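Q: Assemble the complex: chain F is given as a structure, and chain C must be docked to it using the hints.
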Amino acid sequence: MRHLADNIKDSLIVGGVAFLLFGPFLGLQLTDGTNGNLALATRPVLLAIAVGLSIAARFLLLLWQDHRATRVPAVKLAAAVTKSGKYVAPALLIFAITLPLIPGIDNSYVDLGVLIMTYVMLGWGLNIVVGLAGLLDLGYVAFYAVGAYSFALLSHYFNFTFWECLPLCGILAAAWGIFLGFPVLRLRGDYLAIVTLAFGEIIRLVITNWVSLTGGPNGIYDIPHPTLFGLTFDMAGGPGTVSNFFHIDPDPSQRTTYLYYIILALALLTNWVTLRLRRQPLGRAWEALREDEIACRSLGINLRNTKLTAFAIGAMFGGFAGCFFATRQAFISPDSFTFIESATVLAIVVLGGAGSQLGVALAAIVMIGVPALLQDLQIYRMLIFGIALVTIMVVRPRGFISTRTPSVSLGKAKIISSDMISEGHG
Amino acid sequence: MAYALQQLVNGITLGMIYGLIAVGYTMVYGIIGMINFAHGDVFMVGAFVGIIVLTALTGVTSVPMGILAALILSAGVCALYGFSIERVAYRPLRGSFRLAPLISAIGMSILLENYVQTSQGALERAIPVAVPGGFVLMNENGFVVQLSWMQIAIVVVTLVTLGIFTYIVTKTPLGRSMRAVEQDAKMAALLGIDTNRTISYTFIIGSALAAVAGVMFLLYYGVIDFYIGFNAGIKAFTAAVLGGIGSLPGAVLGGLLIGLIEAFWSGYATVAYKDVAVYSILAIVLMFMPTGLLGRNDIEKV
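As you go down the protein sequences, you meet chains F and C in turn.
Just so we're aligned, residue 1 is where the first sequence starts under the working numbering, counting upward by one.
Just so we're aligned, residue 1 is where the second sequence starts under the working numbering, counting upward by one.
There could be a bad hint or two in this list.
[What the hints assert, rightly or not] For lysine to any residue, the following SDA-like pairs were computed, each having C-alpha atoms within a straight-line distance of at most 20 Å:
1. F:Lys-9 x C:Arg-87
2. F:Lys-86 x F:Leu-268
3. C:Lys-274 x F:Asp-335
4. C:Lys-274 x F:Ser-212
5. F:Lys-86 x F:Ile-102
6. C:Lys-274 x F:Phe-339
7. C:Lys-274 x F:Gly-216
8. C:Lys-274 x F:Trp-210
9. C:Lys-171 x C:Glu-182
10. C:Lys-274 x F:Leu-205
11. C:Lys-274 x F:Thr-338
12. C:Lys-171 x C:Val-160
13. C:Lys-186 x C:Asn-196
14. C:Lys-274 x F:Asn-209
These aren't lab readings, by the way, just hints derived from the structure by calculation.
The structure presented is a predicted model; accordingly, all values stated were derived computationally and were not measured.
So that you can see chain F by itself, here it is in the shape it has in the complex (with noise of 0.2 Å):
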């Protein structure tokens, strides 16, 4: 138990390192002055309240500390957690096939739960890759971009339409994967980490500049929507529309609803086989991978192909969403393919505890849905983002889902906690 006075004494340093930290960016502005040269505006009253606001967070926090040293630390809320999972996985299901159905939600919810599913697929197709196979992959955003540009590309010089397109992008971007793995069969670890960013990077930086075939940074315009059975959702409403099929006034509620539905199967389809898998050879292999490389080895399993099919299914469910995302967008460009997109997905997919399937839904969500809620903070949107990822790290560090099923196991099930899972180096 500190004292009052030491935790003030402490509040006071910190107030003190706050004013320097914040003093240039917060005290200061740098505006335009005079024949073009820079000037500096003060702004004491911001710093004044930065420095305030740090002092209070820090005794709030030492408090905190104080207090839960004194209380008994028996609470079982993994275990609490992981028995509601439950009732709280097919609670979600429901919940996300019922949403479009609620009557009288606005459209913008359904379009809101169209970008989180796309984000929950791409967590499960990375899970496959990180949480499965343990291989560290910080350019999955590649494999999206070669779905979405296959598709777009596809479309604008031969006219294929989403259905067609949609499993030739998941081939392209499987071939990738197969592709841009075996160099980096040799690497581990952080190597690893970096030449998988280097490749994403590398494919973004050839999308942008190859201007005479992808339109470089302008992007492709006019890729077609899908289709229901060779009927649009033209809002036109003439003959071969869904509206007049089904003799309904068109509405742009129906054409989201479709895409709501087209990536929910999608996302279902990749949770499925993940969970399949898993049970199979091949998913023993990959988590076999993840625990010890070396003991893999000597027992016999084919590292080059566990870990080129974990690259490649990951690839292919990325491929998948990115052919979905350029039919969503109806227009792609480079831009929405950068580093942040395979960070943000890499975080969902650690926040949600590496390697657990509802954990990566749970995570998408908060991740996706609570920053798109504050667009009325738009600036302010990925600040937020930035503090919450390192606010729930340092909460969380194993992610909101921290218990794992083993699976495989000799009798009963049990669960157990992810301290006991490895990560893998590979």
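A: Then chain C, alone, in the frame of chain F:
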């Protein structure tokens, strides 16, 4: 010939800046084994403190004194940033899951970028050329190879900074404890080294080096915005990996190589694909030397 010489001069200048940032990456990696993604943004913060100090001192002091003040103040503020970032975002996660500090670092990077953007504006900020002129190295059929004073200053300041840094790491008690913690943190702690303090100093020194690089970048290019940290950070990290992460001479070597590749690729091939060239060379080098140029080959015991 003259053209190649000019590219060589430009490449070395750029490489020195990358090398300075790469040293910070490689030090942190060596000592706690994490990729400090926020390091590139500390470099950007350094450049901004530099521009603020230079603006404040315009007309108050002479130009060399202003630059010196910018270097010292920027290094001080950034050292404090490095220290605070480690305390807030990384220390609580020490000994935890390997990906946790990585995500925390990515969060810190996003946070710093947007903090500078919201507090100082998203506009590019430019300063007039601080030290104009230079001297002519070579004149070949009218093509003048110029070595500007600024380039000389960058190389000199970088070499002096690296010299001080090498002295700290190899000769002082602090450097000894840093190397000890790098080799085996647990054993170092058993022998009475305060590992937490050593790690804090590592961040302080690395951030101060990044700040020097930031001010150099500002003076060399004259234009900065809140986003420069990302590209420079990725390049410097690439440099650290290329040289063999954890190796200090490797970081400087990697930085120089990346700078030279960029300069020569821009000069002889296409500017647009210079980053593609850098990343491709990284991938190719790592394919054949999976631990970088000067990296140690870890022997894994089972």
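Q: Take the hints in turn and mark each one as holding or not.
A: Structure-based check of all given hints:
Annotation: proposed proximity of F:Lys-9 to C:Arg-87 holds, straight-line Cα distance about 18 Å (limit 20 Å). With a CA separation close to 17 Å, the supplied pair F:Lys-86 and F:Leu-268 stays within the 20 Å bound. Of the supplied pair hints, the one linking C:Lys-274 and F:Asp-335 holds, its CA atoms being roughly 19 Å apart against a limit of 20 Å. Taking the CA atoms of C:Lys-274 and F:Ser-212, the gap is near 19 Å; set against the 20 Å cutoff, the hint holds.
About 24 Å separates the Cα atoms of F:Lys-86 and F:Ile-102, which puts this hinted pair outside 20 Å; it is violated. Using a Cα cut-off of 20 Å, the hinted pair C:Lys-274 and F:Phe-339 holds, with the two alpha carbons roughly 18 Å apart. Proximity of C:Lys-274 to F:Gly-216 is assessed by CA-CA distance (about 16 Å); at most 20 Å being required, the pair is judged to hold. For the proposed pair C:Lys-274 and F:Trp-210, the alpha carbon gap of about 14 Å is at most 20 Å, so the pair holds.
Between C:Lys-171 and C:Glu-182, the direct Cα distance comes to roughly 16 Å. Compliance with the 20 Å bound is thereby established for this hinted pair. Simply put, C:Lys-274 and F:Leu-205 have alpha-carbon atoms about 10 Å apart, close enough for the 20 Å limit, and the pair holds. The suggested pairing of C:Lys-274 with F:Thr-338 holds, with an alpha-carbon distance near 17 Å, which does not exceed 20 Å. A C-alpha spacing of about 16 Å is found between C:Lys-171 and C:Val-160, which places the hinted pair at or below 20 Å, so the restraint holds.
Restraint check for C:Lys-186 and C:Asn-196: satisfied, since their Cα atoms lie roughly 11 Å apart, inside the 20 Å limit. Restraint check for C:Lys-274 and F:Asn-209: the C-alpha separation of about 11 Å stays at or below 20 Å, so the hint holds.
Taken one by one, the earlier hints fail for this structure only at number 5.
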